[in-house]
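This is what each chain is made of:
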Amino acid sequence: MIQHIKVHDVLQQSVAGFYTDLVTRPTGRAVRESIERGLPAGTIAVMDFTGVGCLDYSCADEIVAKLVREKVRVLLLRGTSDAHRDAIEPVLLGHGLAAVCEHADGTLHMIGAREPAAALLDELVAQHVAARTPGGAIALTAA
Amino acid sequence: MTRLVEVPSQFDDRSFDQFAAAYAQATSGGGGERLLFDAHAAEWASPYGLVGLLAAGEAAGGRPLLTVPSSAEVVSYWARAGFFREAADLFEIHGKVPKTKPATESEVLLPVTPVRAAEDVHAVVSTIQQRASAILAKELGLDPKATMGFAMALSEACQNIVEHAGAGGWVAVQAYNWRRKLARRVVVIAVADAGVGFRHSLEPSQAKRFGDRWGDAAALEAALIQGTSRFRDPGRGQGLAGIRRYLARWEGKVAIRSGTARIAIVPKWDDDVPLRDGLPAFPGSQVLLIIPEQGSPQA
Chain A
2 MIQHIKVHDV LQQSVAGFYT DLVTRPTGRA VRESIERGLP AGTIAVMDFT GVGCLDYSCA
62 DEIVAKLVRE KVRVLLLRGT SDAHRDAIEP VLLGHGLAAV CEHADGTLHM IGAREPAAAL
122 LDELVAQHVA ARTPGGAIAL TAA
Chain B
897 MTRLVEVPSQ FDDRSFDQFA AAYAQATSGG GGERLLFDAH AAEWASPYGL VGLLAAGEAA
957 GGRPLLTVPS SAEVVSYWAR AGFFREAADL FEIHGKVPKT KPATESEVLL PVTPVRAAED
1017 VHAVVSTIQQ RASAILAKEL GLDPKATMGF AMALSEACQN IVEHAGAGGW VAVQAYNWRR
1077 KLARRVVVIA VADAGVGFRH SLEPSQAKRF GDRWGDAAAL EAALIQGTSR FRDPGRGQGL
1137 AGIRRYLARW EGKVAIRSGT ARIAIVPKWD DDVPLRDGLP AFPGSQVLLI IPEQGSPQA
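In order, the protein sequence lines correspond to chains A and B.
Heads up, this note's numbering is the position in the first sequence plus 1, with the first residue counted as 1.
Heads up, this note's numbering is the position in the second sequence plus 896, with the first residue counted as 1.
For reference, chain A alone in the conformation it holds in the complex (with noise of 0.2 angstroms):
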C-alpha cells in the first residue's frame, strides 16, 4: 500500500505559527517525527510537496534523507519546484542515497544517486506501481 504525506499540512500541524516554508533543523525534525508516526517502516511514500514554499538544505536532509535512509523504501516526491529539487538533490547525493520525483507531467525521474536510483525504479515497475509508457518513460500505474 502506497502511503501519502502531504507536507505542506504536516508542516501547519507540526510547528506553531502558520509557516509555508520548509526552513530550519528543529522544523525539519518536527515535520519528519510527524510523518514517522503513522508510517509504518519498509513501505512505498509519495510526499507531495505542492504549497511549500522555500526548503532549505537543513529541511531536505532532516526530512527527506532521514526518510530515505531510515524509514521508507521508496520515497516519491511530487508536486516539486526546482528550487525545491535543488535543496533534495545534493543532499541525497551526500548520503549516497536516491528517490523517485513524478514530474507535471506524471513521468518519473530519479533524483540523487545513480546506482539506487536504478533499483529504485525496478522496483516500483516491480510492484507494479510505475510501468513504461509507450514513450518509453516510466510513469505511475497507480497512486
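The set of hints was computed from the structure by calculation and includes no laboratory data.
Bear in mind that the values here come from a model prediction, so they are computed numbers and not experimental data.
Quick reminder that beta carbons are idealized off the backbone N, C-alpha and C, glycines included.
Here's a subset of chain A near chain B, in silico, CB distances under 8 angstroms, partners left out:
#	residue
1	Tyr-20
2	Asp-22
3	Arg-26
4	Thr-28
5	Gly-54
6	Asp-57
7	Ala-88
Pulled from the structure, derived: some chain B residues nowhere near chain A, Cβ distances all over 10 angstroms:
#	residue
8	Thr-898
9	Thr-963
10	Ala-968
11	Val-970
12	Tyr-973
13	Asp-985
14	Lys-992
15	Ala-1079
16	Arg-1126
Starting from the known structure of chain A, fit chain B onto it as the hints suggest.
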C-alpha cells in the same frame, strides 16, 4: 576609565579589520573598562559594518557607549536600516537618533534583524521572499526562480547562528550600487554574531585532524571548503556547501571572518584574498554574501 573604539568612516568588510584592531586593543588587558564606540565620523556603513558593530556591542557587554554619526543623513540611513532599533538594547547611545521605522524602501530588503532561534529564521525567510523577488529579478537580472535559492542561502547563513554560535546575532540584506568594485548593483547579505566562533565550535571534532595547523583559519577551511560540521551526523555541513553552490551559479562571493582569520570564495570580478590569518581577534563569526547584477560589464 573609558576606552575608545573608532568606527571607520567607510565601514564595510574591507575596513572591518581596522575596527577589529581597535576593538582588540580596547579590550586587551581585561580590565573591564567601559568601551566607547565612536561613530561620529562615519560617512557610510554597509550591512556588514552595521551587524558587526552590534556584535561588538554585545561582546563588549556592560552597555558600552555609542556616539552616533554626526551627519544627519548617515544617522537617518542607519535608522532606516534598522540599526538603532537593535542598538538601543546594547549601547548607551549619545547623539540624536531620528524616530524612524526601519525602511520599506527598495534598498533595504531586510532591515537589521535579530536571529536567536529557528522562529527568527522562518520570519527572515518569509520576509525576504515577499520583498526580494522583484528586486532580484528586475534589478539584478536573476532568474525569478533564483529568489528561492536566495532565501535558502539566507536561511542557511542565519542558521549558523542558531546551531553553532551559542549566542544570538543579526542579519541584514540590502541592495545598492557598488560603484567602487563593479559599477553595477549588488545584493548583500550580512550576518554577524558574537558567539563562540568556528574554531571553538569545530575544535572537539576537528582539532586532532589538523594537528599543529589547528586554529581559526583551519576551522574556516574545514567548514567552508571541506563542509565539516561539529555534528557527527553525515547530513550536517550541507548549509555552507549549498551557499557556495548558489553563489557559484550567480558569480557571487562568500566571505567568513571568525576569530583571527577570514576565508573567501573569490569570484572573477573581485581581487580579495582567499584566506587571511593573523588578523586582529574579534568575537564570533561574520558572514558576507554578495550577489552581483547579472550580465553587466565587469570592472
